[in-house]
Each structure stands twice: as C-alpha cells, then as structure tokens.
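Make the complex out of the two chains shown on their own, each in a separate frame, by following the hints.
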Amino acid sequence: MPFGYHGCVLRVDATCGRAERVPLDETVLRECLGGSGLGARLLLDEGWAAGDPLAPEAPLVFAFSPLVGSPLTTSAKFAVVSKSPLTGRFNDSLASSGFAVAGKGCGCDAIVVVGQAPQLSALVIDASDTADGDAPRVRLEPVEALRGATCRDAEAALRAQLGPGFRIASIGPAGERAVRYATISHDGRHAGRGGSGAVLGAKRIKAIAVRGSRRAQWAQPHELTALSRDLSQRSFGPATAKYRELGTAANLLTFNRFGALPTRNFQTGTFDEAVNLSPEQLSTTRAKTRESCVACTIGCEHIYGTAGGGVRVEYENLFALGSLCGIADAEVVLAASRRCDDLGIDTISAGGTIAFAMECAEQGWLEAPWLTFGSGDALLRALDLIGSREGLGDLLAEGSRRAAAAIGHDSLAIAPQVKGLEIPGYEPRALQTMALGFAVGARGADHNRSGAYEVDFSDKVDRRHVTLDAVRHAIETEDKAALMDSLILCKFLRGVFDDFYGESALMLRAVTGWDVTGDELRSTARRIVAAKREFNLRAGWTPAEDTLPDRFLKTPLPNDPAASLSRERLDALVAEYHRQRGW
Amino acid sequence: MHVEFLGVPRERAGIPELEVHAATLGQLLGALVARLPSLAEIIDDGRLHPAFVANVNGDRFVKDPATPLGDDDHVLILSADAGG
Chain A
0 MPFGYHGCVL
10 RVDATCGRAE
20 RVPLDETVLR
30 ECLGGSGLGA
40 RLLLDEGWAA
50 GDPLAPEAPL
60 VFAFSPLVGS
70 PLTTSAKFAV
80 VSKSPLTGRF
90 NDSLASSGFA
100 VAGKGCGCDA
110 IVVVGQAPQL
120 SALVIDASDT
130 ADGDAPRVRL
140 EPVEALRGAT
150 CRDAEAALRA
160 QLGPGFRIAS
170 IGPAGERAVR
180 YATISHDGRH
190 AGRGGSGAVL
200 GAKRIKAIAV
210 RGSRRAQWAQ
220 PHELTALSRD
230 LSQRSFGPAT
240 AKYRELGTAA
250 NLLTFNRFGA
260 LPTRNFQTGT
270 FDEAVNLSPE
280 QLSTTRAKTR
290 ESCVACTIGC
300 EHIYGTAGGG
310 VRVEYENLFA
320 LGSLCGIADA
330 EVVLAASRRC
340 DDLGIDTISA
350 GGTIAFAMEC
360 AEQGWLEAPW
370 LTFGSGDALL
380 RALDLIGSRE
390 GLGDLLAEGS
400 RRAAAAIGHD
410 SLAIAPQVKG
420 LEIPGYEPRA
430 LQTMALGFAV
440 GARGADHNRS
450 GAYEVDFSDK
460 VDRRHVTLDA
470 VRHAIETEDK
480 AALMDSLILC
490 KFLRGVFDDF
500 YGESALMLRA
510 VTGWDVTGDE
520 LRSTARRIVA
530 AKREFNLRAG
540 WTPAEDTLPD
550 RFLKTPLPND
560 PAASLSRERL
570 DALVAEYHRQ
580 RGW
Chain B
0 MHVEFLGVPR
10 ERAGIPELEV
20 HAATLGQLLG
30 ALVARLPSLA
40 EIIDDGRLHP
50 AFVANVNGDR
60 FVKDPATPLG
70 DDDHVLILSA
80 DAGG
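Residue numbers (numbering that gives the first Met the number 0), protein chains in the order written: chain A, 0 to 582; chain B, 0 to 83.
Hints are supplied without guarantee of correctness; some may be wrong.
FRET-style restraints, in silico, Cβ to Cβ [as the list claims (entries may be wrong)]: (1) A:R289 with B:R34: 23 to 33 Å; (2) B:R59 with A:E19: 50 to 60 Å; (3) B:K62 with A:R136: 55 to 65 Å.
Think of the hints as simulated: they come from the structure by calculation, not from any bench. On a predicted model such as this, the values are computed, not experimentally measured, just so you know. For each residue, glycine too, the CB sits at the ideal point set by N, CA and C.
Looking at chain B on its own, in the form it has when it is part of the complex (with noise of 0.2 Å):
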C-alpha cells in the first residue's frame, strides 16, 4: 500500500511517502518503525501516539491495530489536531 506521511510526521520520516505491505493498521505502523526508526516517537507499541492519526484514502480515520488493510488502500498519517 501506498503511505504518505504529513506534517511533523513527515518532519520524523524525512520523506513524503513509501510503499509499504501489511495486512493490518498494526503491521503497518509496526513495519514503519521497523524501516524509519525516527518514527518511534509517534509510533509505541505499534499503535500511533494518541497526537497522530491514521486516515485511510482519505475516508476513514482510524486506530484499532487489528484494523484490515488492502494493497491498493492510501494511508495517510498525520498529526491529531489537524487546526488550530
């Protein structure tokens, strides 16, 4: 799946986006840190820090782990308080 990486997510990553395969919102996250260790301080235990989101093709929000994903979803990750 495609993962695209916005604001200070995006700061940590230091690049915009990757291709990333996992089944799950867990594995993904978990896959991340694996690959971009700068995550880790918005990634714990493979769930997101509570001040980070996760949005599926621009759709859902999500955050259960156990969350299904497809090869061909677009996952964004983004900072929780999106205003301000």
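Extracted from the complex, chain A is given alone in its bound form (with noise of 0.2 Å):
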C-alpha cells in the first residue's frame, strides 16, 4: 500500500446497499493524485460520460486525497465528481471538514457511489471497530422522516440517530426535488457548482454519514511535520490577511470600484448600493464571528447575526443574491443566503437565474410581473419555489440556459451562463482574462478552476484589452487549480508560496515518498485538466461551447465603454488556448 493512500476505492451500490472496494494502482494515485484529479480518473472508468447524470446508474464520486489526515493546514477537503445535470458536462466540486477525515478515516481513497436506494436513505459507511484492511459496514438507513428536512437538520438528527463519530454530509430539499444546482452539505460549507446535490437525491440518498479513523501511514514523518509547522506558520501572514480579517466578501467594494461587479444581471457593473452588502458595512450593524474548517489555520468564514441565525457570508452570495438581482438590503441577502443553505442550492446559479428571470420580466418575454430586480420579497419567493418546484420555481430550478430555451426570445443571449453553469462575480468585459477562463472551463463559467482574474488584477495584461499573451498566464492558474484541488490544499493558501509545485512535492515527497518534483506536477496538472476535457467529449463536448453568451461580445459595459469584448477577439483567445494546450 502506497504511503499516504489506502490504495482503493469503495464502491457502493445503493439499490441493495452493498459495497465493494476496488483496488488503486499506485501509478494511478501518482498520475491523478486525489480529489479532482482523482474523481476524474474514476468518472471516466466508470464509462458514464454519454449517459443521464440523474439515471440510477450514474456514479458519484466522492474523493479524499493524499494530504487528508495529515497536519498540512487546510488539507481536511474532498471532491464531489460526477457528470453535471446542469451542464451535462465534466463537474467536480469542493467542501471541507470532517467528512474528509473520517471518509478517508474508512480505509479508502474514495466512494464510489452507484445505483439507485429502494427508499429516501442514508447510506452509513461505518469503519469503527473493524480490522485495517477489511471493507467497512455498510447499510442503508430508511430515513423517511427526513424527507424535505434542511441540511443543517438533516445533520443534527442524523447525528443524534447514529451516535458519536459520524461526519455527514446531506442535500436539502432542492436535491430531493431535482434541482440541477442543488448542493451536498457538510456542516454548513457545501460541495456547491453543477449540481451533485441532485445527482445524489436521484439515488433517493438524503446523506451520506462516515465514521473510521483509519490512519494512511506517512514516508517521511519529521520532514512532514516541519514542512506543516512551516506552512501554518506563513498562513498567518499578509498572503492570508484578507480571507482572516474580511473574508472573500472584501472583493465587494473592490470589484465595484473597478467596475466589475455584476449588477441586474450583468447589465451593468457598477452598483450604487454595494456598501450597504459590504463586510466593512456588515461588521458595523451585526455581530459576527470567525469559523475555520478543521485543520485549518486561516478561518475565512466570516459569520454574521441575523434574525434567523448565523450567515455565512461569502462574495458569492453577497453578489449572487444582491447586486445582480438589485437587492441593497443587506438584511435580505443574509436571508436569501440561509435559504439558500438550508434548501441546499448554490447561490450562483440561484441568483444568477432568478436575476435572468427579472430581466425576461421586465423584456415581457416572462409572465411574471412580480419578478422585478430591487424587491427582497421577490428573490425570497423565488427561492422557495425553486425550492418547493412549484409554479415558475419547476422552470428556474432547470438553471438559466435551459429556462432560456423555453423562454424563447432573445433570452438565450442574456442568460448568464456558460455550458450551462451560472457565471461567477466576475465581470468579463472588465476581466478579459477571466473571460477566457470563463469560456474554457471543463464546468463552465468557474472562478475555481480558473483563477484568470489574478492575472487582470496584476501588471501583466490589460485587463480591458487582453491579448493572446494573456493565453499562457490563463493556463498557468488553471493548472495551479487543478493540482490544488486533487493534492488538496485551501486556494486561499496560494498567495504564501514562493514556488508553488517546488513546495508542492516537498509535501507530496514527505507524504508518499515519491520522488516527486516540481516539472512533473505541472506535467501532472496538465494530465488532470486534460481528462475532464477526455470526459466532456466523451460527453459530447464540441468547441463551440468554449464561449461566452451574445450580451458581452456585443455590449460594451455601460459603467465602462472601454471594457468591451468583440467575438473575434474571444475566438481567437480561444483557439490560442486550444493550440497551447495541444488540442
């Protein structure tokens, strides 16, 4: 057994409850590491890529990593793969926690989870007690009672019903319900894009609880122990300060002062009203405390007092639910947030879709005279149908692009998506080099497996008028994304490394004693990036997805006439991108 690994996967059919676990080559381990990297691989031997993400048969994965259990700060992570039923493309999300631990604390490197429960169930995989090297139990638990309960609930019963160890994670309501962006929780954080939330309700599974503290053995211990100690050490310092003392929402004011923040649907990116959402203006008017996920050292999660209870408040939400429906009062996107939560939908594509429903609303072309930017009691309403699928939420829960084809009009071109996922806070007339990242993403319009719009924050482009040059540096952050998402480490770490895949196999060396160097976890990253494309065009994947919709290549932004962005000029990022990569 590979140090640092358990070398299998456990594979679990849900229609009987049975598991199997199926050896892992070390080549494998070492070619595709973990978490993305290794929910791919997995996904595409499962041979499902042309099949229906939502069939029974559907796998779903959920991978652990090698730096799991280990005392590297933010390693506690795991990756949810599987095929999207929003874009119906390569998807793999991230949370963080316990669940991490204790999965890969069962003897496994990762679950594979198929087939379809007989009844809505948890599946509890259960390692206490049992010897290193058998398989753990396994069982379906009827849990009936549980049904359209929220995350956050459906956690604390099933905690009190198994009994201590257990780590969950749930879908709310929305993934019982099929909504294609409907998330999986864990502990209030969520694996939150694409949709695996539904893939997991369409096997009638409301959670999956692990407990195990199967201990992966470590190569080299002291070298381990000191490169942690080292690591920790510099996240306490000015790399991480933003993400510690603001959170991620600090981008809010900054993004509106550049004139990116999305705003009514990316009409415009300027909001007048932004200080109103922002964490100075939050911090001022609401109590709130720091969180951290466990073994971590940073604690970005900023949680503010509402009437309802904590929210956590992220630049996401903040965006998603606030400028780009028009919402200023802050009171209403923190409640808009914990629906979100408790419903267990990613807030992107919930705002992002309700937000292109306002505008079909206010075009005619959507009879929903209600649906207006600006009202609060409009977005809440909306949630909850999305939620419930009742009424106008059936067609929203189906995201924006999919809402445009039955809207029909020119609704399609102002759909805020691209392959179908929601776009981020980024706006792409200002952010060129996101722009590019946007379009070529595996999952569509990413901010996590792209981090381009470091790059339009730096002296390196001009973000308004990028030119092919931006090309290679867009490369080089997805890269970083994709080897930091299978090693795994926090992205919020990026900012202390000197030589990031030179300190990354000092890590990996120290945990699996693989004589690992810098040269080839970039060639390792590019062989990940490159087999979530395999799968998208096994998928049906063709280059024409690699866009952006008609409103930014032929509206200039109205706050920024200089932030403009023709088609040629995105095509021809996009073909260098192709032609850089080798393909």
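Shown next as structure tokens:
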C-alpha cells in the first residue's frame, strides 16, 4: 500500500446497500493524486460520460486525497465528482472539514456511489471496530422522516440517531427534487456548483454518514511535521489577511470600484448601493464570529448575525443574491443566503437564474410581473418556488440555459451562463483574462477552476484589452487550480507559496515517499485538466461551447465603455488556448 | 494625488482615502508609511508586499517603485488576490 493512501476505492451500490473494495494501482494514484484528479479518473473509468447524470446507474464520486489526515493546514477537503445535471459536462465540487478526514478514515481513497436506494435513505459507512484491510460496514438507513428537511436539520438528526463520530454530508429539499444546481452540504459548507446534490437525490440518498479513524502512513513524518509547521506559520501572514479579517466578501467594494461587480443580470458593472452589502458595513451593524474548517489555520468563515440565526457570508452570495438581483437590503441578502443553505442550492446559480428571470420579466418575455429587480420579497419567493419546484420555480430550478430555451425570444443572449453553469461574480468585459477562463472551463463558467482574474488584477495584462499573451497566464492559473484541487489544499493558501510546484512536491514527497518534482507536478496538473476535457469529449463537447453569451460580446459595459470584448477577440483567445493546450 | 485604500489596506490605514504628493510610486509608498505607520505591514522598503498591489486610475497595475505618478492620478491600494 503506498504511503499517504489506502490504495483502494469503496464502490457502493445504493440499490442494495452493498459495497466492494476496488484496489487502486499506485501508478494511477501518482498520475492523478486525489480530489478532482482522482475523481476525474474514476469517473472516466465508470464509463458514464454519455449517460443521464440523474439515472440510477450514474456514478457519484467522493474523492479524498493524499494530504487528507496530514497536519498540513487546509488539507481536510474532499471533491465530489460526477456528470453535472446542469451542464451535462464534467463537474467537480469541493468542500471541507471532518467528512474528508472521517471518509478517508474508512480506509479508502474514494467512495463511488451508483444505483438507487429503494426509499429515501442515509448511506452509512462505518469503519469503527473493523480491522485495517477489512471493508467498512455499509448499510442503508431509511430516513423518510427527514424528507424535506434542511441540510442543517438532516445532519443534526442523523448525528443524534447514529451516535458519536459520524461525519455527514447531506442534501436539502432541492436535492430531493432534482433542482439542477442542488448542493451537497457538510457542516454548513457546500460542494456547491453543478448540481451534485441532485445526483445524490436521484439515488434517493438523503445523506452519507461516514465514521472511521484509519490512518494512512506517512513516508517521512519528521519532514512532514516540519513542512506543516512552516506552512501554518506562513498562513498567518499578509497573504491570507484578507480571508481572516474580511473574508471573500472583501471583494465586493473592490470589484465595484473597478466596475467589475455584476449588477442586474450583468446589465452593468457597478452597484450604487454596494456599500450596504460590504463586510465593512455589515460589521458595524451586526454581530460577527469567525469559524474554520477542521485542520485550517486561516479561518476564513465570517458568520453574521441575523434575526433567523447566523449566516456565513461569502462574496459570491453577496453578489449573486445582492447586486445581481439589484437587492441593496443586507437583511434580505443574508436571509436569501440562509434560504439557499437550508434548501441546499448553489447561491451563484440561484441568483444568476433569478436575475435572468427578472430581466426576462422586465422585457415582457416572462409572465411574472412580481419578479422585479430590487424586490427582496420577489427574491425570497423565487427561492422558495425553486426549492419546492412549484409554479415558476419548476422552470427556474432548471437553470438559466434551460429556462432560456423555454422562454425563447432572445433570452439565451442574456442567460448568464457558460455550458449551462451560471457565471460567478466577475464581469467578463472588465476582466477579460477571466472571460477566457470562463469560456474554456470544463465545468462551465468557473472562478474556482480558473484563477485568471488574478492576471487581470496584475501588471501582466491590460484587463480591458487583453491580447494573446494573456492565454499562457490563464493556463497557468488553471493548472495551479487543478493541482491544488487534487492534492488537496485550500486555494486561499495560494499567495503564501514562493514556488508552488516545488513546495507542493516537497509536501507530496514527505507524505508518499515518491521522488516527485515540481516539473512532474506541472505535468500532472496538465494531465488532470486534460482528463476533464476527455470526459467532456465523451459527453459530446464541441468547440462551439467554449464561448460566452452574446450580451458580453455585443454590448460594451455601460459603466465603462472601454470594457468591450468582441466575439472575434474571444474566439482568437480561445483558439490560442486550444493551440497551447495541444488540443 | 488621490490615494484610495480597499480591503485589508483600508483596515490597516484606518481611513478610506487621502491626498499625497509624490513623483513616483516609491515616493508615494514612503510617504504613506511615514504618515500611517500601521501600513508598515504592507509596505516594506519602499515596495508593496507581494500580497498587495497598486493601480493607477483603474487602468494600470504597477509595482516598480520608479513608476512616475502625476498630481492628477488616482492610486488604489488593494489585496493582490482580488478574487476567491
């Protein structure tokens, strides 16, 4: 068994609740590491790329990583990988904390779930009191009483029911009802994008509960301890100050200042009332606490008090449920964020789809006069309808691309999505390296798999007039993200590395004993990006998908006419990207 | 010139903006840390810490201390990792 790994996958058939341990070859592990990389490999091996992601047979992978369970800060993370019911393409969503440690503690490097339970159930995987090398006990626990329960309530009920030591990932009502951007939640955090919650819901699995404390061995424990201490020390420095002190919400005023804050369904890039939603303002009007994932020294989670309880605030929910819908009332935005958490839906896709519908209603393309920009009541009502799939919610639960197909007119041009995944809070015309990152993303418009916005906020490019030189920088951020998502380490650490690949190689060497180098990890990152594309090819991807909606290519930003991106320029960037990738 | 702080630099400065006269980026950073010693964490030896960046007029991101600046310029100081 290789150091850092258990050397096997636990493959569970939810139809009968049986599991088998499938050996993993060390060569495979070295080629794809863990997390997104291992998940992509396992998903390809399952051979379901052309299948229906909501069919019982569709595989859903929970992939851990070699660093999980180590003392390296931020390493307690896992990837959920499947074909997306929203995009029909590859999807990997990451979440953090105890589920990763307990899941790997079950003596496996990944859990693959196929099949469909006979009734709504919890999938219980318990490695306690079992010998190393034995399969954990696996069973289906009927949980009909939890139908419709929020993620939070479902986790609490199962913790009480199953006993101590279990870590639980669950879906909310939206996952049960196949909302195409339903999340899988764990401990208040979400594997958020692309609808993995709908995939789990289609298997009639309300939650997966894992318990186990098996440890993979480390090859060089003394070196690993020293590296971990050093990394933790650096994680307290200026490179992570933003996340500690303000959280990602700090982006809000910065993006607004640069005219890059998507507002009213991307009709403009500035929001006059942005300060109302800023963490600087929120901190003056309500209580705030900070929390951390397990094994994290950064502590980026900023929880703001509301009448309904604490709400974790990130930039993406402030933007998607705030400026994108024209909502300036912080109380409404926080309530909407909590509603998304409870329902188990992705805030970006929810906000993006609702903002799109607001503009369609404004245009007279959609018969919903109540759905207006700036109306908090409308936002909250729309979220409830999505969660229940009632009335208009049944259409909006499909995401903006499918909704546009049903609405017709010219609505696809203003549907804020790429490959069906709603665009996060980065105005592509003002941040054009990011525009390329969005266009070529394997899972669609994505700020976690491409960090190209960092290039736009640097002296490497002119962010509103990027040239082909930007392509290599965009590729570099995509490769780095692929490696971080496969080791796995939190991206909020990215600023602390002087030599990311070289330092990653040292960490991986200490865990696995492999004579791995930075150059090898560069190749590994590219291989992982290519594996995602390979899945998409098998799923039917064509080059025409690597683009942006017409709005961004035909209309300059009203608040900044210099921020203009033509179809010809984007096409040239995408073609150069494909050329440099060798595709 | 006008200097505006965003995010963590604003937290350190304790103020959102101020007026400073300087001919280069290096001079500006020196003047800022002299007036606001709490900025020492992000300004070291006349340069911004790599976790922070400067932008001129919303257009150019600059880091060379010799970068010339004019009295009409509007300089923004912000975190380098603007996303997340």
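For a quick check of understanding: which of the numbered hints are violated here, in increasing order?
The structure conflicts with no hint, since it agrees with every one listed earlier.
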